[in-house]
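Enquirer: Here are the chains, one letter per residue:
2 protein chains.
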Amino acid sequence: MKLTAQEVYDKLMLEDKILEVKGQIKFYLGDVSIVVKQRDVVGNIMQEWLEGWLKQNEISYKLNSNTQMPPDFYLNPDDLTSELLEVKAFNYGASPGFDIADFNAFQSEIIEKPYMLHTKYLIFGYQMQEDGYVVIKKLWLQSVWEICRRMENWPLNLQIKDKVVHKIRPCTWYSNGKNIKYRPFENIEDFISAMEQTVYQNPKTREKSGEWLKLFLRSYEKQFNEKLKIPRWSDIEDNYIVKKEQKKE
Amino acid sequence: MKLTAQEVYDKLMLEDKILEVKGQIKFYLGDVSIVVKQRDVVGNIMQEWLEGWLKQNEISYKLNSNTQMPPDFYLNPDDLTSELLEVKAFNYGASPGFDIADFNAFQSEIIEKPYMLHTKYLIFGYQMQEDGYVVIKKLWLQSVWEICRRMENWPLNLQIKDKVVHKIRPCTWYSNGKNIKYRPFENIEDFISAMEQTVYQNPKTREKSGEWLKLFLRSYEKQFNEKLKIPRWSDIEDNYIVKKEQKKE
Chain A
1 MKLTAQEVYD KLMLEDKILE VKGQIKFYLG DVSIVVKQRD VVGNIMQEWL
51 EGWLKQNEIS YKLNSNTQMP PDFYLNPDDL TSELLEVKAF NYGASPGFDI
101 ADFNAFQSEI IEKPYMLHTK YLIFGYQMQE DGYVVIKKLW LQSVWEICRR
151 MENWPLNLQI KDKVVHKIRP CTWYSNGKNI KYRPFENIED FISAMEQTVY
201 QNPKTREKSG EWLKLFLRSY EKQFNEKLKI PRWSDIEDNY IVKKEQKKE
Chain B
1 MKLTAQEVYD KLMLEDKILE VKGQIKFYLG DVSIVVKQRD VVGNIMQEWL
51 EGWLKQNEIS YKLNSNTQMP PDFYLNPDDL TSELLEVKAF NYGASPGFDI
101 ADFNAFQSEI IEKPYMLHTK YLIFGYQMQE DGYVVIKKLW LQSVWEICRR
151 MENWPLNLQI KDKVVHKIRP CTWYSNGKNI KYRPFENIED FISAMEQTVY
201 QNPKTREKSG EWLKLFLRSY EKQFNEKLKI PRWSDIEDNY IVKKEQKKE
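Residue numbers (the numbering used here), protein chains in the order written: chain A, 1 to 249; chain B, 1 to 249.
It should be emphasised that the hints constitute simulated quantities derived from the structure, not laboratory data. Treat the hints with caution; some may be incorrect.
Simulated pairs of lysine-lysine, DSS-like, Cα-Cα distance not exceeding 25 Å [stated by the list, open to error]: (1) A:K181 x A:K161; (2) B:K167 x A:K55; (3) A:K163 x B:K167.
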């Protein structure tokens, strides 16, 4: 059976009632069996769990052989450009701790494969109780721009080590805004604007910045027969700051 | 029942026949149960497993509240200076991938608590099969100096990032020597000599190097009523290079 990413989400929520079931990680070796109580282990195995779930429900999928880049699953094995699904999980008691992608790889990947931008992120917000029981507190299905934001000096929320840009990091897209400074992107166009500006700001990609947007737009149009109109970052960057008066509401 | 670290090792090997049993990590959530096939997860949970094993066998232990430093377990809960046990695990198909300790923390810790040096390392060399079955290929009980070595320009095998010394890393102590350049330390004295030289070589600890050895020896003697004689690093460093003719044997 073929399902879209949205149908996978609906089935998990409505049929499996994923927010109401319990889970546990068990490890046995010889005679001794333990319940694993390490939170980060859950994050690592939700993807394996979803593969088990897809199998058990006889839902078609193909695994991505490149485990470093999204998506984890192709839900339409006959067309690897549509219904791409990436699985993420994080401890709902903290902030989203997963990475979106390596920035340098991502900026070149979306030129080569613009359909990657429409990968859906199926995100599990889990809690592990003291006794090791796992519950899913929230489940989301999001596009990449809906879980990304700017930061103070960069148009994306980036992990920067020793002045070198590494991973694109997510925002807390589900926050009500009281403690957040920057809101998630509203649409793909603004996200691409932030990508372009980051290609320019990042010393490692700056030499590509002259042509980057043109190459991307050409590639996207070829794929989707649609011309995107990308605003300049300087025209929109202030829109993504949560103003103080709004915070007070 | 109280057991020493050595008795724990013997019980695992002889009674439980740990090298002959099989294990598996299972995760269930709702109706779907999967076998976890991620190798690194095993490394993280062997310590939890050993705690389960100690409980099941009614062996006394106390957990260390500081999870960042050795030991994981105190096997003599009435005397937290003896029978210290640290659990490590690594994929036997690769090299030992665990860290011994953060160098800066370790060099000050062994002055404050010289008995830390006699922590025994219970090390599981595991294999995870394609189908997710876990087997323990080797089990060792080692002192810290038996699993440490020098490297080319440093007296210890250190993880160095951007010229800053971070973790002390283990050697492949079980290797027959054909592919190794440097052999493990032979005794605590030579290990302390390497520690002292590293305190000196490491910019972050250099200012302590004038007094470090004196402070350590005083503390060790107070604890164990034994005066260690520490050789100078320059007198022993060549002993730890595996010579070419030896390699050919």
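Enquirer: Go through the numbered hints given earlier and state which of them the structure violates, listing their numbers in rising order.
Expert: Hint check: 2 fails alone, others pass.
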